[in-house]
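A.B. asks: Kindly generate the complete structure, drawing on both the sequences and the hints.
As you go down the protein sequences, you meet chains Y and F in turn. Reminder that position 44 of the first sequence reads as 44 in my numbering, one-by-one numbering, no gaps. Reminder that position 137 of the second sequence reads as 137 in my numbering, one-by-one numbering, no gaps.
Simulated from the structure, these hints should not be mistaken for laboratory data. As the structure is a prediction and not an experimental result, all values here were calculated from the model. Heads up, the beta-carbon is just placed ideally off N, CA and C, and yes, glycines get one too. It cannot be assumed that every hint is accurate.
Reference excerpt, derived from the structure (chain Y facing chain F, CB under 7 Å, subset only) [to be verified]: (1) L19; (2) L23; (3) Q208; (4) F212; (5) L215; (6) L218; (7) R235; (8) A276; (9) I279; (10) F280.
The lines below spell out each chain.
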Amino acid sequence: MTTSTPVRERRRIKVPPPLVFVLVLVPFLIEAVGVFWPAIQGISLSFLRWNGIGPATSVGVQNYTDLFSDPIFLTALKNTAIWIVLFGGISFVAGLGVALLFQSERRGVAIYRTAMFLPIVFSLVVTALIWGAFFQPNGVLNNVLDAVGLHDWTRVWLGDPDTALYAVIIAALWREIGYVMVLFIAGLKALDPSVQEAARVDGASAWQRFRFVTLPQLRSVIMVVISVLLIDSLRSFDIVWAMTGGGPFHSTELLSTYMFSTAFSAHALGYASAIAVVIFVLAIAVIISYLVRALSEEKES
Amino acid sequence: MTSTTASRRVAETPAASAPRPAIRRGSRRRRAATAGFHTTGILISFAWFLPILIVLITSFRTFDDVAKHGIASVPKSFTLDTYVQAWNQGGLFPALVNSMIVTIPTVILSLLLAAAAAFGLSRFKIPFRRTILLIMLAGNLLPVQMLLIPVTRITQQVDIYDTLGALIVVQVAFGLGFYTFVLYGFMRSIPHELQEAATLDGAGVGRIFIQVILPLTRPALAALGALSFTWIFNDLLWSITLLQSSEKLPITAAVLSLQGQYVSSWSVIAAATVVAAIPSTIVFLIFQRSFIGGLALGSVK
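C.D. replies: Written out as structure tokens, the structure reads:
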């Protein structure tokens, strides 16, 4: 627009036309009004006692101090920790395992991969219903146990506080492992195959090649997968809500489900906001490290 | 990009192992390895397909058959009444319509707005553009639980609570950050010469965006479109938060409440589950390649 001298350097127009600012500002403002403004409100709500209808009273940090003497909150916190370790941990290991198994293009591998990630397209509610048929009192699992003579092992899997949480985690894993596999396969394919070959020529065993060549090269993908799994764990709601609603006796209660029922069944809006802020605080380290990574990669290129 | 490295590796493997002296023993071992690979692959795929298969089969069985012999038994009946019942009494058709009314505008609006923001941020020197991008991405990483109560209040204040419009607005605002981030990365790699040539030809910002940049961004838009379709179509949390009237519920929430009504009739619930899973499965099958590329997009890039 200003000059026509051919310059090889990346050349940008000095002052962008006003339309450009409109294109950026409109989406930004929509997100500001729809996400950031409510998020700030959510924090300030957590210092109130309010049922949504009557007048709200300011209670300072009492909602937060109450949380730690609330046995249901502590159960939800413990279950969220179990969820992160089992759901996150098994998704990671199994996802990496199947990615290594199905990484190379060979006959049949496309079908195996499709089987693994088909569940991703189903909603968590559909997943919950599918696995509900599996864990119901007269469902698949009990039918099979009966048929092989293990009648003593049968139980109401989703109605028993000892097993319900693990049954829900199995259903959630079925859907998550394929997703983690996709992330790892993309990472594995971006690696330079000649490094593997060099290690092979040097006589490194398969395990040594994995441990000392593949794993270090995968570091940035591993970080991504860990952040994705942590954020997914903290956000998990649908599958628990659809399978057990947090019960029986709060044995499958996660922070997210406890927050929801506190807000929309018990109408304790201030207290529920405090739970939401706790979830946010737990997520913030992950969010910041994710953003730092995004920023550094952005600068690099 | 990834497929070229993959095919190169496939081409290298036989060439690298050919000059080994013990060819016959090697080939026998390789045949055993191949058999092992396919056995594992088939077993894993079967385990992953099995829950889907059971629900599919159950959905075509009569109530009496399932009640008498159990879900895991060999089917002795075939019926389509389950689908008729779920469709008519379960109200699946209006629920599917509701889902489409929410999903299609949300996908189009979010991608359009995100593309506009990404275009402005990636192609022009806007002050603080990196900060703007990261703030937008951060909004998408926030735990949804923080937003539930404030957003419900705001929709009540502006009188759109319990409308499908509220769902569209909220989902657009919440998804924008991620889509902008991914599209930004994609648009930045488009050569600047194209934009300069168009500028010299007298094209304005709007024309460059619509006629030069958008067509080149099509692969990323397809990937994000397929992904966001399934995400929004499958959403449960926002619909049960912002909607009250049961006739406004999208399919995911409707199927869940159906489960409450037909507690004992597994074949009807199975039929409803199949119906709820069909639209996103179709989108997945049509856009399979972009879909999987999209899953890896936000993380590996």
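A.B. asks: Does each hint fit the structure? Answer for all of them.
C.D. replies: Hint check:
{"no.": "1", "hint": "L19", "result": "holds, 5 Å"}
{"no.": "2", "hint": "L23", "result": "holds, 4 Å"}
{"no.": "3", "hint": "Q208", "result": "violated, 18 Å"}
{"no.": "4", "hint": "F212", "result": "violated, 19 Å"}
{"no.": "5", "hint": "L215", "result": "violated, 16 Å"}
{"no.": "6", "hint": "L218", "result": "violated, 11 Å"}
{"no.": "7", "hint": "R235", "result": "holds, 6 Å"}
{"no.": "8", "hint": "A276", "result": "holds, 4 Å"}
{"no.": "9", "hint": "I279", "result": "holds, 5 Å"}
{"no.": "10", "hint": "F280", "result": "holds, 5 Å"}
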